[in-house]
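Chains Z and C, in that order, give the protein sequences.
According to this note's numbering, the first sequence is numbered sequentially starting from 5.
According to this note's numbering, the second sequence is numbered sequentially starting from 5.
Everything labelled a hint here was simulated from the structure, so no lab data went into it.
The structure displayed is predicted, hence computed values, not measured ones.
Don't take each hint at face value.
[What the hints assert, rightly or not] Derived coverage of chain Z by chain C (criterion: at least 3 residues anywhere in the stretch with Cβ under 8 angstroms from a Cβ of chain C; other residues may be distant): (1) 13-19; (2) 124-133; (3) 160-168; (4) 196-204; (5) 222-230.
[Said to hold, decoys possible] Chain Z is faced by these chain C residues, among others (derived, beta-carbon under 10 angstroms): (6) Ala111; (7) Ile112; (8) Cys129; (9) Glu210.
[Unchecked claim] Simulated pairs of lysine to any residue, SDA-like, Cα-Cα distance not exceeding 20 angstroms: (10) Z:Lys140 / C:Glu210; (11) Z:Lys140 / C:Asp161; (12) C:Lys140 / Z:Glu252; (13) Z:Lys140 / C:Asp249; (14) C:Lys295 / Z:Asp218; (15) C:Lys140 / Z:Gly192; (16) Z:Lys140 / C:Ala250; (17) C:Lys140 / Z:Glu210; (18) C:Lys295 / C:Met268; (19) C:Lys140 / Z:Asp249; (20) C:Lys140 / Z:Asp161; (21) C:Lys140 / Z:Arg206; (22) Z:Lys140 / Z:Arg159; (23) C:Lys295 / C:Glu263; (24) C:Lys140 / C:Glu69; (25) Z:Lys140 / Z:Leu17; (26) Z:Lys140 / C:Gly192; (27) Z:Lys295 / C:Asp218; (28) Z:Lys140 / C:Arg206.
C-beta: ideal position from N, C-alpha, C; glycine also.
Number of protein chains: 2
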Amino acid sequence: MVEMHVAFAGSPLDRADHLRGDAAALAGLMNARARLLRMEGLDPVVADDGALGWGTLAEAADNAELVFLGLLDDRACFAPTPQQGSVAPPNPRLWQALATLSGPDMAIYGTARSLTGWHARHRFCAQCGAPTVLAKGGWQRNCTSDACRAEHFPRTDPVTIMLVEHQGNLLLGRQPRFPHRRFSALAGFVEPGESIEEAVAREVLEEAGIRVRDVSYVASQPWPFPSSLMIACHSHTDDPAITIDANELEDARWFTRAEVTAAMAGDEQAPFIAPPPTAVAHVLLRWWLDKGG
Amino acid sequence: MVEMHVAFAGSPLDRADHLRGDAAALAGLMNARARLLRMEGLDPVVADDGALGWGTLAEAADNAELVFLGLLDDRACFAPTPQQGSVAPPNPRLWQALATLSGPDMAIYGTARSLTGWHARHRFCAQCGAPTVLAKGGWQRNCTSDACRAEHFPRTDPVTIMLVEHQGNLLLGRQPRFPHRRFSALAGFVEPGESIEEAVAREVLEEAGIRVRDVSYVASQPWPFPSSLMIACHSHTDDPAITIDANELEDARWFTRAEVTAAMAGDEQAPFIAPPPTAVAHVLLRWWLDKGG
Chain Z
5 MVEMHVAFAG
15 SPLDRADHLR
25 GDAAALAGLM
35 NARARLLRME
45 GLDPVVADDG
55 ALGWGTLAEA
65 ADNAELVFLG
75 LLDDRACFAP
85 TPQQGSVAPP
95 NPRLWQALAT
105 LSGPDMAIYG
115 TARSLTGWHA
125 RHRFCAQCGA
135 PTVLAKGGWQ
145 RNCTSDACRA
155 EHFPRTDPVT
165 IMLVEHQGNL
175 LLGRQPRFPH
185 RRFSALAGFV
195 EPGESIEEAV
205 AREVLEEAGI
215 RVRDVSYVAS
225 QPWPFPSSLM
235 IACHSHTDDP
245 AITIDANELE
255 DARWFTRAEV
265 TAAMAGDEQA
275 PFIAPPPTAV
285 AHVLLRWWLD
295 KGG
Chain C
5 MVEMHVAFAG
15 SPLDRADHLR
25 GDAAALAGLM
35 NARARLLRME
45 GLDPVVADDG
55 ALGWGTLAEA
65 ADNAELVFLG
75 LLDDRACFAP
85 TPQQGSVAPP
95 NPRLWQALAT
105 LSGPDMAIYG
115 TARSLTGWHA
125 RHRFCAQCGA
135 PTVLAKGGWQ
145 RNCTSDACRA
155 EHFPRTDPVT
165 IMLVEHQGNL
175 LLGRQPRFPH
185 RRFSALAGFV
195 EPGESIEEAV
205 AREVLEEAGI
215 RVRDVSYVAS
225 QPWPFPSSLM
235 IACHSHTDDP
245 AITIDANELE
255 DARWFTRAEV
265 TAAMAGDEQA
275 PFIAPPPTAV
285 AHVLLRWWLD
295 KGG
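So that you can see chain Z by itself, here it is in the shape it has in the complex (with noise of 0.2 angstroms):
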């Protein structure tokens, strides 16, 4: 495997598991060292100086629900569950912010947006209806009726995002929500009963209309709009023959090697605009055009 940075990975926090099932050390935690983690709904508070910014448990609301992050540096670290949860895509201002923060900063922050987010979804017992509580600090929800008490986990939903190669050139589309000029690698959610590899053939002959052989695995990234595992691949095909899904796609087109560069470059005669750097997308693009033809 390359090892590749992506964003959103690379927490310095110890999830330190042991401690989310016991609650006398997860009280003894929360003491006056303990840091929250300034949010404001799912969006981060950046601090002056460009952080993330953390504040003491003093400042939570009496009734709110505190999510145990880990330990960094052994201080304890929480992030409190806003009432209403979103699965809205992150907005520019968004991507303003978190343009300040350093990479260990971006994964404490994907982590916590993921997580409290999953928690303002999910205060009903789907299989009930009823109330659900915070439990394990905060890896769990349980269910407040007695007859049912099921008990419910954070859930992650794993995509397949893919590279489509044929003679040298590369197969990128663009979605309708996509910003100007903007090509990326296909993408979708893995389904039930299907295997990465499969999900990959799928989706590229559902939007693209293309047969793939020889899917490999590249790289993967957790992405917290809002609980993805981006799984990207790469593939072949014998068939350039594209048939664009348009209730998918678009547009869809191959691009030589030469194109890629020079969108990776962001040169402005480039064909294309190439997504940006915190995408997976971007590290699939880099990771092509770097192990050469």
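Mind docking chain C on chain Z? Use the hints.
Leaving out everything else, chain C in the frame of chain Z:
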């Protein structure tokens, strides 16, 4: 990538994603030629010839929610959603039934079990507690509250399962619930905020106190108990000293290549019993033996 056969993958169904959102097309497919998978709750009803049992839609209960599995030989295939869900692991009786199925039948059943089990466990909206109804042919559930209208999608939980290698030996462990003398690869869920590689490193450190390096992806498998995506990896360590987390593991040991070979051959003198061929851990061990030292 090495192509490897994993159980529950390789479904012959065309998922026909474009039909799911087309209510008129779906209704048109629910005709006398349509097939209904025979199930008892979440378990398969195996026919006399050892294959999956199929009937017609006339067999479905009047108020049954039906999931559109896809097309097989141009006939639409559906599965009935049971009233009660279960996240219990498969029992020996279920494995006996599955043992008679072909690979493609295993894959069809796995998809049906994952999906119908998800419906049975998600009859209420996690966001507001109101009842939900099946939508998009069973690939979605919608909240019935006008104030909420949340859309819910089938859940697939990524799980890492990993080999750890040190000087040609392999680390394997046993959980208390395992059959007598069984050892297998360590495993654990990917959590919000971590990559696959980070999840592998965390799990091995938590369960066995071992720090790994050079994590690489090997294979993946859909596992319908209840809805996992198994992500099988290989890694190395430089320090073989084991510290077991007794909450997770009953034992963990290093095994030589000869010992793993004997176990995979079913040798009674082997120091442990290998995981069964249906488990991706078996495929992972076979891959490791085949690739050589």
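Evaluated hints:
no.: 1; hint: 13-19; verdict: holds (count 4)
no.: 2; hint: 124-133; verdict: holds (count 9)
no.: 3; hint: 160-168; verdict: holds (count 3)
no.: 4; hint: 196-204; verdict: holds (count 7)
no.: 5; hint: 222-230; verdict: holds (count 5)
no.: 6; hint: Ala111; verdict: holds, 7 angstroms
no.: 7; hint: Ile112; verdict: holds, 8 angstroms
no.: 8; hint: Cys129; verdict: holds, 6 angstroms
no.: 9; hint: Glu210; verdict: holds, 5 angstroms
no.: 10; hint: Z:Lys140 / C:Glu210; verdict: holds, 17 angstroms
no.: 11; hint: Z:Lys140 / C:Asp161; verdict: holds, 19 angstroms
no.: 12; hint: C:Lys140 / Z:Glu252; verdict: holds, 16 angstroms
no.: 13; hint: Z:Lys140 / C:Asp249; verdict: holds, 18 angstroms
no.: 14; hint: C:Lys295 / Z:Asp218; verdict: holds, 18 angstroms
no.: 15; hint: C:Lys140 / Z:Gly192; verdict: holds, 17 angstroms
no.: 16; hint: Z:Lys140 / C:Ala250; verdict: holds, 18 angstroms
no.: 17; hint: C:Lys140 / Z:Glu210; verdict: holds, 17 angstroms
no.: 18; hint: C:Lys295 / C:Met268; verdict: holds, 15 angstroms
no.: 19; hint: C:Lys140 / Z:Asp249; verdict: holds, 18 angstroms
no.: 20; hint: C:Lys140 / Z:Asp161; verdict: holds, 19 angstroms
no.: 21; hint: C:Lys140 / Z:Arg206; verdict: holds, 18 angstroms
no.: 22; hint: Z:Lys140 / Z:Arg159; verdict: holds, 15 angstroms
no.: 23; hint: C:Lys295 / C:Glu263; verdict: holds, 16 angstroms
no.: 24; hint: C:Lys140 / C:Glu69; verdict: holds, 12 angstroms
no.: 25; hint: Z:Lys140 / Z:Leu17; verdict: holds, 17 angstroms
no.: 26; hint: Z:Lys140 / C:Gly192; verdict: holds, 17 angstroms
no.: 27; hint: Z:Lys295 / C:Asp218; verdict: holds, 18 angstroms
no.: 28; hint: Z:Lys140 / C:Arg206; verdict: holds, 18 angstroms
Comparing the model with each numbered hint stated earlier shows that all of them hold.
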